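Engineer: From first to last, the protein sequence lines stand for chains A and B. Numbered per numbering that gives the first Met the number 0, the first sequence spans residues 0 to 154. Numbered per numbering that gives the first Met the number 0, the second sequence spans residues 0 to 154.
Keep in mind the hints are simulated off the structure, nothing from the lab. One thing to keep in mind: the hints can contain errors.
Simulated restraints on C-beta separations [said to hold, decoys possible]: (1) A:Ala-18 with B:Val-11: 23 to 31 Å; (2) B:Glu-4 with A:Pro-7: 48 to 56 Å; (3) B:Ile-119 with A:Arg-101: 14 to 22 Å; (4) A:Pro-121 with B:Glu-55: 47 to 55 Å; (5) A:Ala-66 with B:Arg-78: 35 to 43 Å; (6) B:Glu-120 with A:Ala-18: 45 to 53 Å.
Derived contacts from chain B toward chain A, CB cut-off under 10 Å, selection only [claimed, not checked]: (7) Ser-13; (8) Gln-33; (9) Ser-34; (10) Leu-35; (11) Asp-37; (12) Cys-38; (13) Gln-41; (14) Gln-59; (15) Pro-68; (16) Trp-75; (17) Val-85; (18) Thr-90; (19) Pro-106; (20) Ala-123; (21) Leu-125; (22) Leu-132.
In this text the structure is predicted, and so the values were computed from the model without any measurement. For every residue, glycine included, the Cβ atom is placed at its ideal position computed from N, Cα and C.
One-letter residues, chain by chain:
Number of protein chains: 2
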Amino acid sequence: MDEFEVRPGEVVGSAPDRADAALIFIGRIRTPFQSLRDCPRQGQMDGPICRIEIDEPWWQAMQGLEAHPELQVLYWMNRARRDLLVQVPRTGAGRAGTFALRSPARPNPIAVSIVAVTAIEPGAILVRGLDCLDGTPLLDIKPCRRGFTRQNEGQ
Amino acid sequence: MDEFEVRPGEVVGSAPDRADAALIFIGRIRTPFQSLRDCPRQGQMDGPICRIEIDEPWWQAMQGLEAHPELQVLYWMNRARRDLLVQVPRTGAGRAGTFALRSPARPNPIAVSIVAVTAIEPGAILVRGLDCLDGTPLLDIKPCRRGFTRQNEGQ
Numbered sequence: 000m001d002e003f004e005v006r007p008g009e010v011v012g013s014a015p016d017r018a019d020a021a022l023i024f025i026g027r028i029r030t031p032f033q034s035l036r037d038c039p040r041q042g043q044m045d046g047p048i049c050r051i052e053i054d055e056p057w058w059q060a061m062q063g064l065e066a067h068p069e070l071q072v073l074y075w076m077n078r079a080r081r082d083l084l085v086q087v088p089r090t091g092a093g094r095a096g097t098f099a100l101r102s103p104a105r106p107n108p109i110a111v112s113i114v115a116v117t118a119i120e121p122g123a124i125l126v127r128g129l130d131c132l133d134g135t136p137l138l139d140i141k142p143c144r145r146g147f148t149r150q151n152e153g154q
Numbered sequence: 000m001d002e003f004e005v006r007p008g009e010v011v012g013s014a015p016d017r018a019d020a021a022l023i024f025i026g027r028i029r030t031p032f033q034s035l036r037d038c039p040r041q042g043q044m045d046g047p048i049c050r051i052e053i054d055e056p057w058w059q060a061m062q063g064l065e066a067h068p069e070l071q072v073l074y075w076m077n078r079a080r081r082d083l084l085v086q087v088p089r090t091g092a093g094r095a096g097t098f099a100l101r102s103p104a105r106p107n108p109i110a111v112s113i114v115a116v117t118a119i120e121p122g123a124i125l126v127r128g129l130d131c132l133d134g135t136p137l138l139d140i141k142p143c144r145r146g147f148t149r150q151n152e153g154q
């Protein structure tokens with residue numbers, strides 16, 4: 000929490016201190032990015048291979064993953080602050096409300112990324128396209144919805 | 000929980016009874032779907048208009064939403080069971096692990112949908128493309144990532 004500084008022009012709210020539902024971490028993501036400074040602004044399909052490690056209780060839930068060359072990965076940005084309402088991007092331009100930005104700082108810091116699968120191992124998936132810190136907690140893996148596609152592979 | 004029956008061939012695990020992180024509900028989604036039977040299998044961009052209601056503490060975070068004709072909406076499928084590892088779809092065909100399906104039943108029942116915005120009101124967004132129950136808890140709203148698009152609007 001509070002890893003991200005508040006920049007001039009940003010608006011901090013008072014997020015309610017309550018738990019409406021509980022998340023379970025089901026594994027973790029191993030990436031080459033050891034600090035926020037290392038993380039690219041957005042995952043690239045030609046970026047480094049990252050390793051999604053799934054904890055043993057959910058290994059059976061991996062059945063059939065081999066049919067999906069792309070997956071949607073949900074993870075928990077556990078170092079993001081949750082109380083920013085209006086944010087100023089790093090560049091200084093484009094001040095906007097949190098819901099109009101994909102910044103990690105949001106009331107529920109859940110990231111949604113599409114990844115390209117390069118290999119499936121027992122209890123792990125090797126993928127490209129992630130931009131998160133090494134050790135980031137894993138929440139979910141889903142096949143991509145039919146009807147959606149990545150428009151430009153390199154973007 | 001446990002709203003969904005277990006079908007022959009499905010595998011039930013023992014999800015750990017712990018909370019690794021806490022979610023805050025930031026509003027709710029009003030839809031015409033009052034029971035699971037009413038819900039379409041997948042949201043349609045020509046489906047009924049639904050109303051995303053955002054609670055007052057986060058109204059400032061809506062600034063700039065008008066720049067985005069499509070949004071990614073995250074919500075909590077609070078009636079889904081969380082302990083299914085292998086599932087058999089309603090049709091009976093296509094038995095697969097939870098991570099190879101977009102079924103609501105999953106360790107962290109977070110839905111991710113792309114919606115088309117039809118209007119923005121104070122504290123609310125009117126959209127098409129949702130398939131969830133009336134009253135579903137809202138978790139997050141994000142702009143769509145550049146480079147992704149809906150391939151077939153009607154699918």
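Engineer: For every hint, state whether the structure bears it out.
Structural biologist: Outcome of the hint check:
1. At about 25 Å, the beta-carbon gap between Ala-18 of chain A and Val-11 of chain B stays in the expected band of 23 to 31 Å.
2. In this structure the supplied range 48 to 56 Å holds for Glu-4 of chain B paired with Pro-7 of chain A, their Cβ-Cβ distance being about 55 Å.
3. For Ile-119 of chain B and Arg-101 of chain A, the hinted distance range of 14 to 22 Å is satisfied, since their beta carbons lie about 19 Å from each other.
4. For Pro-121 of chain A and Glu-55 of chain B, the Cβ-Cβ distance of about 48 Å falls inside the hinted range of 47 to 55 Å, so the restraint holds.
5. With their beta carbons about 28 Å apart, Ala-66 of chain A and Arg-78 of chain B fall outside the hinted range of 35 to 43 Å.
6. Range check, Glu-120 of chain B to Ala-18 of chain A: Cβ separation about 29 Å, and the 45 to 53 Å hint is violated.
7. At a threshold of 10 Å, the smallest CB-CB gap from Ser-13 of chain B to chain A is about 7 Å, leaving the interface hint in force.
8. Annotation: Gln-33 of chain B was flagged as interfacial toward chain A, and the flag is violated, the nearest CB pair being 22 Å apart, outside 10 Å.
9. The criterion of a C-beta within 10 Å of any C-beta in chain A is not met by Ser-34 of chain B, whose closest approach is roughly 21 Å, and the hint is violated.
10. Annotation: Leu-35 of chain B was flagged as interfacial toward chain A, and the flag is violated, the nearest CB pair being 19 Å apart, outside 10 Å.
11. Violation of the interface hint for Asp-37 of chain B is found here, the shortest Cβ-Cβ separation to chain A being roughly 20 Å, above the 10 Å cut-off.
12. Taking 10 Å as the C-beta contact cut-off toward chain A, the hint placing Cys-38 of chain B at the interface is violated, the least distance being around 15 Å.
13. Nearest Cβ of chain A to the Cβ of Gln-41 of chain B: about 7 Å, under the 10 Å cut. The hint holds.
14. Because the beta carbon of Gln-59 of chain B sits about 4 Å from the nearest beta carbon in chain A, less than 10 Å, this interface hint is met.
15. Given the 10 Å rule on beta carbons, the hint for Pro-68 of chain B is violated: about 12 Å separates it from the nearest Cβ of chain A.
16. Evaluation of the Trp-75 of chain B hint against chain A yields a held restraint, the C-beta minimum of about 6 Å falling below 10 Å.
17. Interface hint status for Val-85 of chain B: upheld, as the beta-carbon distance to the closest one in chain A is roughly 6 Å, under 10 Å.
18. Given the 10 Å rule on beta carbons, the hint for Thr-90 of chain B is violated: about 15 Å separates it from the nearest Cβ of chain A.
19. For Pro-106 of chain B, the interface hint holds, since its Cβ comes within 10 Å of a Cβ in chain A; the closest pair sits about 5 Å apart.
20. For the restraint placing Ala-123 of chain B at the interface with chain A, the shortest Cβ-Cβ distance is roughly 12 Å, beyond the 10 Å limit, so the hint is violated.
21. This hint is violated: Leu-125 of chain B has a C-beta 15 Å from the nearest C-beta of chain A, more than the 10 Å allowed.
22. Interface restraint check for Leu-132 of chain B: the shortest CB-CB distance to chain A comes to about 15 Å, outside 10 Å, so the restraint is violated.
Consistency with the previously given hints fails for numbers 5, 6, 8, 9, 10, 11, 12, 15, 18, 20, 21, 22, ordered from lowest to highest.
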